[in-house]
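K.L.:
Those protein sequences? They're chains A and B, same order as listed. Position in the first sequence (from 1) plus 637 gives the number in the numbering used here. Position in the second sequence (from 1) plus 16 gives the number in the numbering used here.
It cannot be assumed that every hint is accurate.
Pairs of lysine to any residue, SDA-like flavour, derived with a Cα cap of 20 Å [claimed, not checked]:
#1 B:K104 to A:M813
#2 B:K134 to A:P799
#3 B:K104 to A:T814
#4 B:K104 to A:P681
#5 B:K104 to A:S811
#6 B:K134 to A:T814
#7 B:K104 to A:Q803
#8 B:K134 to A:S812
#9 B:K104 to A:L816
#10 B:K283 to B:G337
#11 B:K104 to A:M756
#12 B:K134 to A:K692
#13 B:K104 to A:P799
#14 B:K104 to A:K692
#15 A:K647 to A:L665
#16 B:K134 to A:M813
#17 B:K104 to A:R800
These aren't lab readings, by the way, just hints derived from the structure by calculation. Keep in mind that this is a model prediction, so the values were computed, not measured.
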Amino acid sequence: MMQKSGLGQKINRVWAIFLLVFLVAPALVALPVSLTPKRFLSMPTDTLSLRHFEKLFTSPEWISSFVQSATIALTSAAFATILGTLCAIGLWRISSRAGEVVRAFLLLPLVIPPIISAMAFYRLFVPLGLIDSYLGLMLAHTVLAAPLVLITVSASLAGFDPRLEQASRNLGASSMTTLLRVILPSIRPGVLAGAVFAFIASWDEIVVTLFLSKFNVYTLPRRMWNGIRENTDPTVAAAAVVLIGITIIAFLIWALVQRRARTQNS
Amino acid sequence: MTQPSAQTHQGSAPYEGLRLNGLTKRFGRFTAVDGVDLHIRRGEFLTLLGPSGSGKTTLLMMIAGFQDISAGDIALDGHSITTVPAEKRNFGMVFQGYALFPHMSVRDNIAYPLSVRKRPHAEITARVDEMLELVQLTKFDTRLPGQLSGGQQQRVALARALCFAPPVLLLDEPLGALDKKLRIEVQAQLKAIHQRVGTTFIYVTHDQEEALSMSDRVVIMQNGRIEQLGTPQELYQRPATQFAASFLGKSNFLHCSDGLYALRPEKIDICPATQTAGAPLGPHRTTAVVHSVTYFGSILSYTVALPDGTTLQVDVDAWRGGPTLDRGAQVTLDWPDEAAVKLAPDTP
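The shape of chain A in the complex, shown without the other chains (with noise of 0.2 Å):
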């Protein structure tokens, strides 16, 4: 049906697009001012330079950071997507009032605030010997992560028909044919987007982070923190458009999984 109000329809679409750029032009700061000459956080007024990302891609500290961001969120991306998916597939199969217990407790990761568990893994980890490791940084955005997954694969599951699991178990497959065959490529799409969540999740993590490193371990994120506390470094804002960079390229991943999927059922 056609709109009859034009008018209506106007307000509508500029106001959507205020709403956009409301929510976006933030994050799209850091793009002038990652290109700005000067030596200070500004917008760049005359001519443009690249010397930020020069610096960037240069100095050894904002590569090793780099690095270890890297390190870090695909470590812990694999470790959240295996766990989580685990997790769902187990609850799934049991689906008691006990699982939806334990479920809950699984994401309260989710709804804790990060400054309290950032606490926590202080405690936890200072008598450990964790603290400004890379495992103890891994092991924290783990559980932060993990309630993604577990949320992308449950979602997955419920479109599940816990027939298909009966059918190859009568047919004489174990449990863990059946999860490797059956289960899992029924279920790739919610994995792979766990995945991606969980590797977002942990690639811009600074709460956590802050409280578990020292010297040895310094994300991206947390350069990019004492780079504006210490000093305003452009080179913060080149950080910015490169990290919105990835992230971008990351859901534009999965939103092409999340498309073959969608094909590929109808």
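Based on these hints, arrange chain B on the given structure of chain A.
P.N.:
Quick look at chain B alone, frame taken from chain A:
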């Protein structure tokens, strides 16, 4: 309540086949299956027939190993399999809705039970080809299940379940999703396949026509118990209870001094009152008035009222049964003694 013939064995070893002893399933305080004793002979086509909630599907799921058993025992050829997990029972199953793996081709679906058993590649290919031919789907082997019609999917499910030559095939309302015309066609195919492969078929349905037309024996279930067990003829001609008589086919019920009798509508003779003026009085001869007439093509179904107000259904062959009687016509009814079957009181 069961027929004598159902309890005798047909020669061979006494424990051959599948034996259920006091099989019981409780969900909390609700008893879904209540002490079922049943011997399913090797190679027979046995149907579990009952309304929804009668426990037939739960019983099948217990045989398949998907439902824990609250009490009782299942034995195959004399060996208890009660504690054997579903994947080790080697029973084929055709699920309601077929449960085909959507991401696998028809060929991979059928090959699945062999490939999880790690059979050699050549053997799998040969066997799958054989199964594809059995269900006449050779040309569709590379399709995905989503690209097949309901009837074709049903055949893939059948081929997949039979591929590893299971001793027992369980079928859970496999024709439920098909339209009526296709259902009758598939019934004939199923029966032919049963005769070709010789596997024991245990078939769950709520459709009495399916039960009658395909089965060697039928188990009528109600409230988790076996109401009656017998061949389709036995069940139809000699129903044991009111429930059995009304669930399988149509029946009139006559309250007599010594109990309740079932009388099938087609076993009552009906003719205009005027024609029988000189005929001898039969044992059950009675007069009645035609209340309504319904035409079903092959049969005419009359509802007639007896003088005492009770109504009976009388079915007549529409072609051989003489001229149609009008509403309000005076008629004479009669039936032979053996047409009325004495029923046991219903179990609560």
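K.L.:
Could you work out which of the previously given hints the structure breaks and list their numbers from low to high?
P.N.:
2, 4, 11, 12, 14 and 15
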